[in-house]
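Using the sequences provided together with the hints, build the complete structure.
Number of protein chains: 2
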Amino acid sequence: MFIGCMSGGLFAGQEHLASLLPDYLGMAPVPATRVESACASGGLALRMGLLSILSGEHEMVLVGGVEKMTDVSGNAATYALSTAADQTYEGFHGVTFPGLYAMVAREYMERYGATRKQLAEVAVKNHANGALNEKAQFQRRISVDEVLQSLLVADPLRVLDCSPITDGASVAILCPLEVARKISQKPLVKISGSGHASDTIALHSRKDILAFSAVEKSAQQAYKMSGKAPGQIDVVEVHDCFTIAELVVLEAMGLLERGHSGPATEAGYTALDGRLPVNTSGGLKAKGHPVGATGVSQAVEVVQQLRGEAGDRQVPNARVGLIQNMGGSGGSSVVHILDAV
Amino acid sequence: MFIGCMSGGLFAGQEHLASLLPDYLGMAPVPATRVESACASGGLALRMGLLSILSGEHEMVLVGGVEKMTDVSGNAATYALSTAADQTYEGFHGVTFPGLYAMVAREYMERYGATRKQLAEVAVKNHANGALNEKAQFQRRISVDEVLQSLLVADPLRVLDCSPITDGASVAILCPLEVARKISQKPLVKISGSGHASDTIALHSRKDILAFSAVEKSAQQAYKMSGKAPGQIDVVEVHDCFTIAELVVLEAMGLLERGHSGPATEAGYTALDGRLPVNTSGGLKAKGHPVGATGVSQAVEVVQQLRGEAGDRQVPNARVGLIQNMGGSGGSSVVHILDAV
Numbered sequence: 001m002f003i004g005c006m007s008g009g010l011f012a013g014q015e016h017l018a019s020l021l022p023d024y025l026g027m028a029p030v031p032a033t034r035v036e037s038a039c040a041s042g043g044l045a046l047r048m049g050l051l052s053i054l055s056g057e058h059e060m061v062l063v064g065g066v067e068k069m070t071d072v073s074g075n076a077a078t079y080a081l082s083t084a085a086d087q088t089y090e091g092f093h094g095v096t097f098p099g100l101y102a103m104v105a106r107e108y109m110e111r112y113g114a115t116r117k118q119l120a121e122v123a124v125k126n127h128a129n130g131a132l133n134e135k136a137q138f139q140r141r142i143s144v145d146e147v148l149q150s151l152l153v154a155d156p157l158r159v160l161d162c163s164p165i166t167d168g169a170s171v172a173i174l175c176p177l178e179v180a181r182k183i184s185q186k187p188l189v190k191i192s193g194s195g196h197a198s199d200t201i202a203l204h205s206r207k208d209i210l211a212f213s214a215v216e217k218s219a220q221q222a223y224k225m226s227g228k229a230p231g232q233i234d235v236v237e238v239h240d241c242f243t244i245a246e247l248v249v250l251e252a253m254g255l256l257e258r259g260h261s262g263p264a265t266e267a268g269y270t271a272l273d274g275r276l277p278v279n280t281s282g283g284l285k286a287k288g289h290p291v292g293a294t295g296v297s298q299a300v301e302v303v304q305q306l307r308g309e310a311g312d313r314q315v316p317n318a319r320v321g322l323i324q325n326m327g328g329s330g331g332s333s334v335v336h337i338l339d340a341v
Numbered sequence: 001m002f003i004g005c006m007s008g009g010l011f012a013g014q015e016h017l018a019s020l021l022p023d024y025l026g027m028a029p030v031p032a033t034r035v036e037s038a039c040a041s042g043g044l045a046l047r048m049g050l051l052s053i054l055s056g057e058h059e060m061v062l063v064g065g066v067e068k069m070t071d072v073s074g075n076a077a078t079y080a081l082s083t084a085a086d087q088t089y090e091g092f093h094g095v096t097f098p099g100l101y102a103m104v105a106r107e108y109m110e111r112y113g114a115t116r117k118q119l120a121e122v123a124v125k126n127h128a129n130g131a132l133n134e135k136a137q138f139q140r141r142i143s144v145d146e147v148l149q150s151l152l153v154a155d156p157l158r159v160l161d162c163s164p165i166t167d168g169a170s171v172a173i174l175c176p177l178e179v180a181r182k183i184s185q186k187p188l189v190k191i192s193g194s195g196h197a198s199d200t201i202a203l204h205s206r207k208d209i210l211a212f213s214a215v216e217k218s219a220q221q222a223y224k225m226s227g228k229a230p231g232q233i234d235v236v237e238v239h240d241c242f243t244i245a246e247l248v249v250l251e252a253m254g255l256l257e258r259g260h261s262g263p264a265t266e267a268g269y270t271a272l273d274g275r276l277p278v279n280t281s282g283g284l285k286a287k288g289h290p291v292g293a294t295g296v297s298q299a300v301e302v303v304q305q306l307r308g309e310a311g312d313r314q315v316p317n318a319r320v321g322l323i324q325n326m327g328g329s330g331g332s333s334v335v336h337i338l339d340a341v
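Chains as they are written, first to last, in this note's numbering: chain C, 1 to 341; chain Y, 1 to 341.
Rather than coming from a laboratory, the hints here were simulated on the basis of the structure.
From the three backbone atoms N, C-alpha and C, an ideal C-beta is built for every residue, glycine too.
Some hints could be false.
[Claimed, not checked] Mimicking DSS-like on lysine-lysine, the simulated pairs with C-alpha atoms at most 30 angstroms apart in a straight line are:
hint, chain 1, residue 1, chain 2, residue 2
1, C, LYS182, C, LYS207
2, Y, LYS117, Y, LYS186
3, C, LYS224, Y, LYS182
4, Y, LYS190, Y, LYS224
5, C, LYS68, Y, LYS68
6, C, LYS224, C, LYS190
7, C, LYS190, C, LYS135
8, Y, LYS224, C, LYS182
9, C, LYS207, C, LYS190
[To be verified] Quick list of the computed label-pair ranges, beta carbon to beta carbon:
hint, chain 1, residue 1, chain 2, residue 2, range
10, Y, SER73, C, GLY74, 17 to 25 angstroms
11, Y, TYR79, C, GLY56, 36 to 44 angstroms
12, C, ARG181, Y, VAL159, 55 to 63 angstroms
13, Y, VAL179, C, LYS190, 23 to 31 angstroms
Below you can see the structure in the form of structure tokens.
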């Protein structure tokens, strides 16, 4: 078992999930490993599950993600999340993630002329998708006006630009394709590409705060391993911890040109019925963001899409999906490409 | 990079070491993974490094462990460590690790007739070894009387039965043997065996609190993979978080018969000049126990022994070493066997 969890210690007073989870599942003595890379912990668990199968050491791997974020009160959740940033240089000065992503948004709007409304369109689209997902935290549509009139958190980001505090868990089972052919009655989905990269943990250490180079590099690795180009992707789940994040990561992965995500979102390109549906699950914004669970839940959504089991959210003829999960302000990123077999 | 760390959040307010460490080392965009299994985090990082090389995905892997435990005050360190136990059933009732291991010690003494002095001999031996290790936290010898007269922590365990609170880090570089042959000027050491297992996180859930079945199973896996039997091991580092732990894990791994560890220790069998030198580094007791770093530091000690670089602590003709690292009260365990090439 590989379990992604960001901070069992700060959120729940419980580390050592690598013993607790196999025990509570009745699976001990199965070897279990908790992996952590802040909000990319779930995607990283998926990657470690894949590597452990490729190693030949394991044949059947449970990959899970979990975070229990609502048991703490006051500003404890914001503090716990802030430990994904550089404590010495970012945390010490009081900056938290809404502030960091607000700086990214300001620079993006300045450089490319993106509008406040275009940011809002990301949240509107993801809530529309979440309204079709019975597992989503927020199953209701919102309007651009609601976003623009919602509480200001860190200018220009408002509360409806931000993913919520969420309890959640998700799970996937990995095994070699030849084993899956023998035991599964469902359409099979293959991990054809996997990439993983790091970047400076502090936003201020980067030459360009819009580059998101860990996202770019991890996507390039995944494209190369899978033999797929961005133009061959049918459905995408990305890490929209804030509305601005969806815009910049789509560009960092070459799914849209730099500066084009705002107008493209406004024009419906990334909508459920658009050319490249993004965050059909509702994304972190509407489906919720239990940080350690998010990366695995992205795989669950894309598997459902590739199996044709996504119901009202189904993207017609989806054959290739991409999932992107990142930690902090992009200090780590994990990308996978999934193919219908 | 694979980094073992138990609780960056509770000890240092810093998670996301998978971004921070490659960044601060100037190594970004190298992909990094933090792994956690309480006090077995370091050993698990070593195992994940091994699996990632076996997967064919990576060729040169840095395996590190770290814990910064002394920046917190009051009972915060004891609380942070207690999150390795079952919070709902053990932590809630106020039991911490000295209490859990005290129960193990009581049962061991009752069942096998082990004496209080035999427990003390473990600490005396490990301090004698630590006195020869310039990296040890405590580089001084202690006597049985000092142990027996030291502060009572949880009857029968006294403060000199307990490993200390420690800041520390350790690192190893792994690569395929054929690569190492090309680039290393030093004698080579091969990981010939690796094992990893879980057990119930709560001590009270086990049929036999002396079984330490995760230790037994992970050792059996490592023996099988390496083709080595317990009798072929020349030097051993085990997880002596408390003196009683050294006695029970030696037995769980078949290095001594059940109930024999106490008399064997008293007779010098596990001393530096004994038949099976155990914890030549000083062990967790004297070298220190920065929890996430411990498992990797065990590998460092055994590599030095197998290379003949252990100075005054050198075990003559050491060719095969075993390292054992465990989480909590044995809820997880990782064992590796290292061979001089």
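Of the hints stated earlier, which fail here?
1, 2 and 9
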